[in-house]
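Once you have looked at the hints, place chain B on chain A.
So the sequences go chain by chain: A and B. Residue numbering for the first sequence follows my numbering, beginning at 1 and increasing consecutively. Residue numbering for the second sequence follows my numbering, beginning at 187 and increasing consecutively.
It is possible that part of the hints are untrue.
Said to hold, decoys possible - Examples of chain A residues lying across from chain B (beta carbon under 7 Å, computed):
(1) L7
(2) I82
(3) H140
As the list claims (entries may be wrong) - Coverage of chain A stretches by chain B, computed from C-beta distances (three or more under 8 Å per stretch; other residues unrestricted):
(4) 148-159
(5) 172-179
Claimed, not checked - From the derived model, a few chain A residues whose C-beta atoms are all more than 10 Å from chain B:
(6) E38
(7) D70
(8) H134
(9) D167
Hints in this document: simulated from the structure, not taken from any laboratory. Don't be surprised by glycine CBs; every beta carbon is placed ideally from N, CA and C.
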Amino acid sequence: MGQIHILPLLEIKAETRAQLLEAIEQQVQWPAAIEALEFDPRFAYDQIRGQYHSSQILLGLHSKLNRPQDKIIAIVPFDLYIPILTYVFGEAQLDGPAAVVSLFRLRPEFYGLPPVPARVVERLIKESIHELGHTFGLRHCPQPECVLHASTYVEEIDLKSHTFCPDCSALLQAAQAKRRTAAPAG
Amino acid sequence: MSAISILIVDDEESVRHSLFNWFREDGYEVGIAKDAYEALAALERSHWDIMLLDIRMPGMDGMELQRRMREVNKEIIIIIMTAYASVDTAVSSLKEGAYDYIVKPFNPDDLSHMIRNAAEQLNLRHENIELKQSLQQVALSDEIIGESPQIRRVMELVQTVAQSDSTVVIRGESGTGKELIARAIHTHSERRYHPIIAVNCGALAESLLESELFGHEKGAFTGAQMRRKGKFEMADKGTLFLDEIGNISQKMQMELLRVLESRQFTRVGGNQTIHVDIRLICATNKNLEMAVADGSFREDLYYRINVFTIGLPPLRERKSDIPLLAYHFINKYNQSMNKSIKDISPQAMDLLIRHQWPGNVRELENAIERAMVVGKPPAIQPHDLPFQLAEEVPERLESSDSLAEMEKHHIALILRKANWNISRSARILGIDRVTLYNKIKKYQLKE
Numbered sequence: 001m002g003q004i005h006i007l008p009l010l011e012i013k014a015e016t017r018a019q020l021l022e023a024i025e026q027q028v029q030w031p032a033a034i035e036a037l038e039f040d041p042r043f044a045y046d047q048i049r050g051q052y053h054s055s056q057i058l059l060g061l062h063s064k065l066n067r068p069q070d071k072i073i074a075i076v077p078f079d080l081y082i083p084i085l086t087y088v089f090g091e092a093q094l095d096g097p098a099a100v101v102s103l104f105r106l107r108p109e110f111y112g113l114p115p116v117p118a119r120v121v122e123r124l125i126k127e128s129i130h131e132l133g134h135t136f137g138l139r140h141c142p143q144p145e146c147v148l149h150a151s152t153y154v155e156e157i158d159l160k161s162h163t164f165c166p167d168c169s170a171l172l173q174a175a176q177a178k179r180r181t182a183a184p185a186g
Numbered sequence: 187m188s189a190i191s192i193l194i195v196d197d198e199e200s201v202r203h204s205l206f207n208w209f210r211e212d213g214y215e216v217g218i219a220k221d222a223y224e225a226l227a228a229l230e231r232s233h234w235d236i237m238l239l240d241i242r243m244p245g246m247d248g249m250e251l252q253r254r255m256r257e258v259n260k261e262i263i264i265i266i267m268t269a270y271a272s273v274d275t276a277v278s279s280l281k282e283g284a285y286d287y288i289v290k291p292f293n294p295d296d297l298s299h300m301i302r303n304a305a306e307q308l309n310l311r312h313e314n315i316e317l318k319q320s321l322q323q324v325a326l327s328d329e330i331i332g333e334s335p336q337i338r339r340v341m342e343l344v345q346t347v348a349q350s351d352s353t354v355v356i357r358g359e360s361g362t363g364k365e366l367i368a369r370a371i372h373t374h375s376e377r378r379y380h381p382i383i384a385v386n387c388g389a390l391a392e393s394l395l396e397s398e399l400f401g402h403e404k405g406a407f408t409g410a411q412m413r414r415k416g417k418f419e420m421a422d423k424g425t426l427f428l429d430e431i432g433n434i435s436q437k438m439q440m441e442l443l444r445v446l447e448s449r450q451f452t453r454v455g456g457n458q459t460i461h462v463d464i465r466l467i468c469a470t471n472k473n474l475e476m477a478v479a480d481g482s483f484r485e486d487l488y489y490r491i492n493v494f495t496i497g498l499p500p501l502r503e504r505k506s507d508i509p510l511l512a513y514h515f516i517n518k519y520n521q522s523m524n525k526s527i528k529d530i531s532p533q534a535m536d537l538l539i540r541h542q543w544p545g546n547v548r549e550l551e552n553a554i555e556r557a558m559v560v561g562k563p564p565a566i567q568p569h570d571l572p573f574q575l576a577e578e579v580p581e582r583l584e585s586s587d588s589l590a591e592m593e594k595h596h597i598a599l600i601l602r603k604a605n606w607n608i609s610r611s612a613r614i615l616g617i618d619r620v621t622l623y624n625k626i627k628k629y630q631l632k633e
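If we strip away everything but chain B, and leave its shape as in the complex, we get:
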């Protein structure tokens, strides 16, 4: 770390001069300002770690300057200098975020200790930031693997949306890593030092889900022997990840919408209103637009959550990532199983690349885990894999598999589900109304 810089702000020339010399002898970078305006200018010109600030100055006083400083540089350590042992002033300055205060004239030992402690705090702060950054990199590099343009695009979207508090919907087939992406968004966000709580909505019955999300009071229902916090409360100041959002009941959809709009709720069996500050991330492998069109998913909730969408490509659409992922899982299981399988034979790799992976990355991980159990060093062979080449022979293709046919059927389906409401259908299909009219004409679709 470079030398710690100290800015001395005092209207008395003798104070500035003597402190300047004192700190310079100690090897600090020292700056001086005779009033608040010079201090603000000095802060704009360069970075300062510590500011020694006189509380009483003509013009803008130290308290006011401290408030303004905080707007420009939140990290600066402010030590208040006061000629009066006024507890009120000291307490006010500490409340405003000052690190400490010292009464003039200072005992040199007290001053020396205070600056050393402040420097120690700065060092710890920098160390903390560096550790968190490296932790973040480790977490990400360990979990999201891939170099394909598709996965790079996903990571760009993660970086972009993480900076905001917007609700995110992650869409993708089962096993594509939706929860990992949710965690990556959380890890990159300002909320990363608070919890991310994950709930699999599809795995719980309606009554259980309600108590799981909102918590319950003691005696709210049979078996509720004590008060329990729900996931919303547990995720306060952090992120709530609702997986399989497309599977929740109409009643829960209504409840969820109400909470998302008011940011408050009551526990099951309780009447105390609880306020929460959460960022919501949802995931689904369902086509929510279809669910809205057929009435199984509330349109208002759809619009409430569908602020930012990240679509995860299935593994078969990013096959270039398969070798990287496969070797990542080999490393992982070599460590956990204490094995020494280092490679994949070319034939086995050929199988891995040609497989269609309906279960996506999760299926690939399971396949590698199994191969590591049954296989022998040094390399995974085709017979270690849980599928054979014969399975990979594609089904006979039909003329109805053409893109145009698929498009025609899909547009017809959406129009039917939306009762031929052109605006809604166009919105669901993600095209404009004119394009939809043109397609209807092209495919000769009729109501």
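Excised from the complex, chain A in its bound form:
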């Protein structure tokens, strides 16, 4: 069975780390661990845009993995983009191993609002579970309360829950069962 490697590229409080780990393990139903792997994302920085190219970060993260059944998700403090979009909250390789989530636009301060640390943690948990769902091959869900519902503005993240709807849960379990069967013994 594989493992989810959670890789924060910033200082995160112990309490938040515990919350994030617990939520991921409970919702994604896959063993997870917070790790401190060596990863320098500067290669993905675009000087003109002042943002990091998230697809390139995913390729970099992918190269860090040794086992095909493992997943890796990076939590980054900086703003992410893909070439055609002005920004993304995060990105994942659909049915692949790597995902990334940015805290940059999850903080109320970005929108000129006073800080609300608890809300940022909630948003981080939802976006992390969302992106990890994609790595198991799940697509966006039309159910507004499902964690896999697409969010293109930050309030949309607040509207959905951090859990999968019954349909997405079933799809996730099916995808994981398939991976367990395919995984080499030992």
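Just chain B now, with coordinates in the frame of chain A:
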């Protein structure tokens, strides 16, 4: 509805790749093309609902591709992607029929909204098509009733001619449903979302008919207190149905011919030329060939309108449809009269079948309506019908009623009316000249 398909056309690999992933996560079917040629090939291979098209590409640019796309697939929703906030380019692409444009790089929320709106439009479009189709079926199934080979043949002709813009002449006895057929042609045609305007030419005096057809200006004649559009104008882009065309005066025939040839006219009392785009359907219960032969109907107008003819069989020639029609009218009047007569007794049905129906379907409908008023549930009885069996006893037959005698008299009549012009007579009779000569010889007809 199946998943919406999106084709991304952009020469930049990174754009194609990131949009491909973005839409795939959203559950869309996604395709990519790096230039216009790949896009056209993709369009030939499969159906695409939405195309995201980069305006600036090497080779054939997005504008040119958009024009070509429209020739292949008119329904595709095209969203233009441009790296330049150029109003000119955006306006040009919208003029060419693009759904919207978006400036690179996109705000993900804007892109998401645009695609959702486009998907909504697609859904509405499909819903609209389905509704129109069901409406069309309802309209037809409600109005044209019959399963006899004769009526099936008529419906086949309706389907065939509806696809064209040809003028149609519907011929049939009074009450056979000529207007229903005209409406069926209109309903099946490309013009169905525009009006069908019906004019009964036989019911109006010449002066009234002229103003009815062409409209009039204020003060054109006494009583013309305001400008009024005529039926030709009202039927613009739709269908004009002229019933009883065989009854119009020589002057109106000339006017009509002029309008049909030029597709333009002026209102009565006016001098402004009005252009119209109409499809003409005429109906008559007269023998137009005879009318041409005796000079009461202009030959040039006859040829102008007689492009496609649909002959409606009288009810007595499709008696197998009588039960179906009768039950249809029973249902109709049960609803409108709030009655519960569900059946026709075998004796009453026997009467209905044996009656000769000179007034055709209209007479049958009237007979059923009357029976529904006077009759009692559960079934219509013979005494509820407005005719009795005695009336049905055929008149004594004469030896002169033989087909050969009828043919001889008819050929003689046409030859006389056409001043023994063999070509014209043969044309009117619908036979070739050699056959006509043979018939003349056979029946020993002489000038």
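Confirm or reject the statement that E38/A sits farther than 10 Å, beta carbon to beta carbon, from all of chain B. holds, 27 Å
Against chain B, with CB atoms and a cut of 7 Å, does the hint on H140/A hold up? Result: holds, 5 Å to nearest chain B Cβ.
Would you say the region 172-179 of chain A counts as covered by chain B, given the rule of at least 3 residues with C-beta under 8 Å? As far as the region 172-179 of chain A goes, the hint is violated, because 0 residues have Cβ atoms under 8 Å from chain B.
Hint status (Cβ of L7/A to nearest Cβ of chain B, threshold 7 Å): violated, 21 Å
Beyond 10 Å on every Cβ pair: is that true for D167/A relative to chain B? holds, 12 Å
Confirm or reject the coverage of the region 148-159 of chain A by chain B under the rule of 3 or more residues with a beta carbon closer than 8 Å to the chain's beta carbons. As far as the region 148-159 of chain A goes, the hint holds, because 3 residues have Cβ atoms under 8 Å from chain B.
Given as non-interface: D70/A, partner chain B, CB spacing beyond 10 Å: holds, 21 Å
Chain B contact restraint for I82/A - C-beta distance below 7 Å: holds, 4 Å
Going by Cβ atoms, does H134/A stay more than 10 Å from chain B at every point? Violated, since 6 Å does not exceed 10 Å.
Checked against the numbered hints above, the structure violates hints 1, 5 and 8; every other hint is satisfied.
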